[in-house]
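Chains as they are written, first to last, in the working numbering: chain L, 1 to 345; chain W, 346 to 678; chain E, 679 to 1218.
None of the hints are false.
Calculated lysine-lysine pairs in the BS3-like style (CA-CA distance at most 27 Å, straight line):
1. E/K1039 <-> L/K292
2. E/K820 <-> W/K542
3. E/K1087 <-> E/K1162
4. E/K1092 <-> L/K292
5. E/K748 <-> E/K1039
6. E/K1092 <-> E/K1039
7. E/K1039 <-> E/K1087
8. E/K766 <-> E/K748
9. E/K1162 <-> E/K1039
Source of the hints: derived by calculation from the structure; they are not laboratory data. Quantities reported herein were computed from a predicted structural model and do not represent experimental measurements.
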Amino acid sequence: MSQTTQATAPAPSTRPAPRQSPLQRLGRLGRLVLVERSILLAIGIVIVLAYYGQYVGYFTVGYLSEQLTLNLEIGLLALGQLVVIISGRGAIDLSAGAMVSMCSMVLGFTAGLWHWPFWVAALATIGAGWLMGALNGYLAAYVGYPAIIVTLATWYVWKSLALYVHNTTPISSELPGQVDWLAGTVAGIRISLLAVWLPIIVLTWVLLNRTLYGRRLYGVGTNDIAARFARLQVARTRFHAFAFSGLMAGAAAVTVTSYYHSARADAGDPMVLRAITIAVLGGVLISGGAGKVSGVVLATLLVAFLNGGLTLLGVESQYQLAALGLLLLGSALLNVWSARRFGIR
Amino acid sequence: MTATDVRPHPGQQRAEGTARRSFAYGNEVTLLGILAVAWVALSLAYPTFHEVGNIQNVLSSIAMVAIVGVGMTMVILTGGIDVSVGSGLAVCAVIVAKYVLSGGSVVVAVALGVLVGALLGAVNGAIVAFGRVAPIITTFATLNLFRFVSLQIFENQQVNGIPPTLSWFGPTGRTLGVPNAFLVAVLLTVVAWWYLKSYSTGRHLFAIGSNRDTALFAGVRVARREFAVYVVTGVLVGLASTVAVGSGGVVQPNIGTGFELQVIAAVVIGGTSILGGRGSALCTLLGALLVGTLRSALVTMGAPGLLTDFFLGVFILAAVAVDLVRQKRRSHR
Amino acid sequence: MSSDTTTQGGSGGSAVTAGPAANEPLLRMTGIEKRYAGVRALRGVDFEVLSGEVHGLIGENGAGKSTLIKILSGVEQADGGEIEYDGKKVHFGNTAAALASGIGTVFQEPQVFPDLTVAENVFVGRELRTGDRRVDWAEQEKHCVELLRSLHLDPGLAHRTMGDLSVATWQLVSIAKALAADCRILILDEPSAILTSRETETLFEVVRRLTAQGVGVIYISHRLDELFLITDRVTVIRDGENVATRPIGELTPHRVAELMVGRELTGAEHLDPRPLGDVVLHARGLTREGAFADVDLDVRAGEIVGLYGLIGSGADDVALAVYGIEPADAGELAVKGRKVRIGSPVTADRLGIALLPADRKRQGIFASHPIDFNVSAGNLERLTAGRLFVNRRRERDRVTELSTRLNVKTPSIKQRIGALSGGNQQKVVLARQLLQRPDVLVLEEPSQGVDVGAKEEIHRIIGELAEGGAAVLVVSSDLPEVLKVCDRITVLREGRVVRSFDRGASDTDVLAAAAGRLHSTTPDDDARTDGPTQPKGANG
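Using the sequences and the accompanying hints, generate a full structural model.
What follows is the structure in structure tokens.
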């Protein structure tokens, strides 16, 4: 009904763009690349593939998919970190690795020692992960602990409990044969990638971009005071974010146990740093409210393919540690700089 | 992570709390009380507990944690955190150990450790204070970078046959029956406590943690102070590494793993707020003593060694809960 | 830039060095320009302060006075123009520089360290030292006590923790802090907003003492009555320009209001009356301790009721109680005739109540997200497809419809809200409230920080909403707005309803009711003992 009042055409908010010199256009393109993390990562992937592709044995479906498989669990945990960190107020999940270790033992006990049907055991494992994440979520979102403290404490709780329950001994031979199903391959690609990773990526993307929960999560993470006014269920949203991270840990426990045919209490030890690295590399902002599934997935690919190249060239594994640390720092600095320069993306 | 959550509305009054003591943090008494009760109870139940040898063990075992705890307290006061201290310890320890192995002197060994530590701390400090990257992320990254560096220097094998050059710092080095390392820790704690109380630059740490923006506005050199606390922590890590090297003839490549938790636990159990702005070096020392007591108690009681960290984790949650309750009672937010 | 100031006198006579010659201004700002994202917030503003003068600064929200002050206190830097201070050209690159030069600022929202004591708060950055450079606690405490006494505050507050004290005490401590800094120019930004009349009197005392010593005071306030009590000259800022600088004696409140708005306030401009329905929102004896007491309200369908009060009057708190964010402790509420208890925003929403928050930046927008996200954020329950998912088509349709209706100027509904102007942002947040077609619409400061054109639009929209049958409650501290838009005005002062006015009320009357007496130093005004707020100051 007020369309008629638009007759007093106020100045449109975008003036027609003046002609740009090639240099200006290049500058704008550069800005776009830096601001859109996905583009930057995609370029990085292309560079890595092109560089290592010259070495024999690298650029094959088998080798590349194997690299992805090695980083599968970290990729899952990174999605968990994505959700937690988006929820805001500096939230982070330091206990994710320990939860994987503990869940691995749960799988070992249920499937191996108690002879549950494998699929039931797997579900129980994932459920256990959810419960552990829910504990984090309860303490952080409802009771009010700072997330760093909660997840630091639960990190050591689960880590030591995992070592204790079977006296540090892995459960291996007792595991039933169905465990290996996920480790099998189809056309050179591991089933776990197809049956676990791909569906979870889709699920997470749908969760964040198509569901009501996703809207609440981004709202709460961006401005939790405005979220309160908009009735976005701040505490509950944050609770579920941590629970989701636990869910990812449970799923990762199933795949890693399957891959090694062994339930180990140290399964999750190296995972947390790498997962957080990938999340930050993928464009997640520690301050909350920002981060995309596409970024995290591309970052996972980049790290996987980069590691694959280093391995092929015989570089010792501890260099990957250094590379990750530097990558984390570099991407964090980039995040800070571009957020300040270009507004939060 | 500043606590500027919901600001009170203009005109909204809040209940005036009860008066607090002005200088003592308030926690010291509580902690001493708990320590006293714990020791008495444990000594009654397990006579071996209060043997001199056991007490010396406890004091010696917490010395490293208490030393680094001083620095960690300052870092946490400013609202930051440093999870790289364990890896930093490894770097300093391997360098000092190799130096001592090659026949070096005490003085130079200590200086070397302190210098390397300072350098590591400066890396953290620069990235946090000037790069403005979140402390948890920064020190998470350096945790692994430093570990990588240490592994390179270790060349993947432990350092053996270290001469007793630094044994003054070790468990056998004692003055009047008290382990030297512990005395060093006490000295540092007192110095830090005094500094934080008496000098404006010390007070500024509290200001930064309490409200960083207001501190900036009031003319506090925030970046400098933030940089400094990480360097100080690095120096103290270097000092702690001399204690590690002096504690035996072997230094292993996995040294320092889990060390950061022990230090943070001591700080948090001592009552320093993880959000910054409130805390005390004295309380951290008492927190470290409590943690040491807990560990010793677990051993004495025959609890499974694997569960030590489990209890530590629970203990942290309990200690922070107390602080949370006190906060909630104070404000209406 | 070290802040190593040596000890100095607190409130007593101190050595403020004789400044420039008698009529030379202590401070002169010429041609100040400031741009934010292409918008000229300040367009060549001239402003000066004489030594020993109280110079009032007044203007509507968004007019530019805060920006001017930010430049002077070093928070921001000007894009153009000059600042001459004490006869020399200066440039303050940061707040520490301004502070070190003797320009002290007390902000509207007190900047404090909640974990430190009062004495520490006063002296952070300017600590008093002993001979060996340690902090001289004894001296600081002594000075702090002196300052507290001079502000009629309990000296025992000196070692209380800031976080335990009330916001008004914070404000007074901020003033003490500025006094301790021994400034030559003191900027007070809405200092009395959260103070009682007695405390405001103390404030005036302090100001008079300072000016007697030659300090120049810049006094920013909405409260016309205070300006007339305390200032020597007044500068009116409108749309980024200095439209008038006059001695206060040459002005009247009405004239000042006109200068602020830029045209004659005939009082004849008003929204058209419309037929009224039944009472939709009913409140009796609404009370929340510390905020407001005994508030009665009735809003009919089609009616626009104004809740007017100066900042700190409790009007904002009443709105939050109706919406359930900070529920009332006592009193009766009824919606459409049914008694209700509104304990949370979810309940309010179910009852058909919507609220436009007062502070759009902090309480309203999700700045990094697009318009459609912002509109649907408050309406997720209504935009579902199958309970879990967002109904994107419905969202797009409704958002586009509302965006057009409210005339939000944007190339697309996917535009980041942070990139829009204040007025358009406000419209988006308003659209969020309107999506649910509420029965009761509570609007807090609906046109704050909004340009003149958008302001007119928003007022027109409010009229249309009422015509559509909504019961509208406008909570505002903007007098011309309230006079223009509302059918009835309920005035709040210090948490209580003092008067109600019908259409056609005069601005002076309404203002007088909201502010209290215009010429008061008499104590009978300070009847805080029966007020909802606890007595402060001596009993603090």
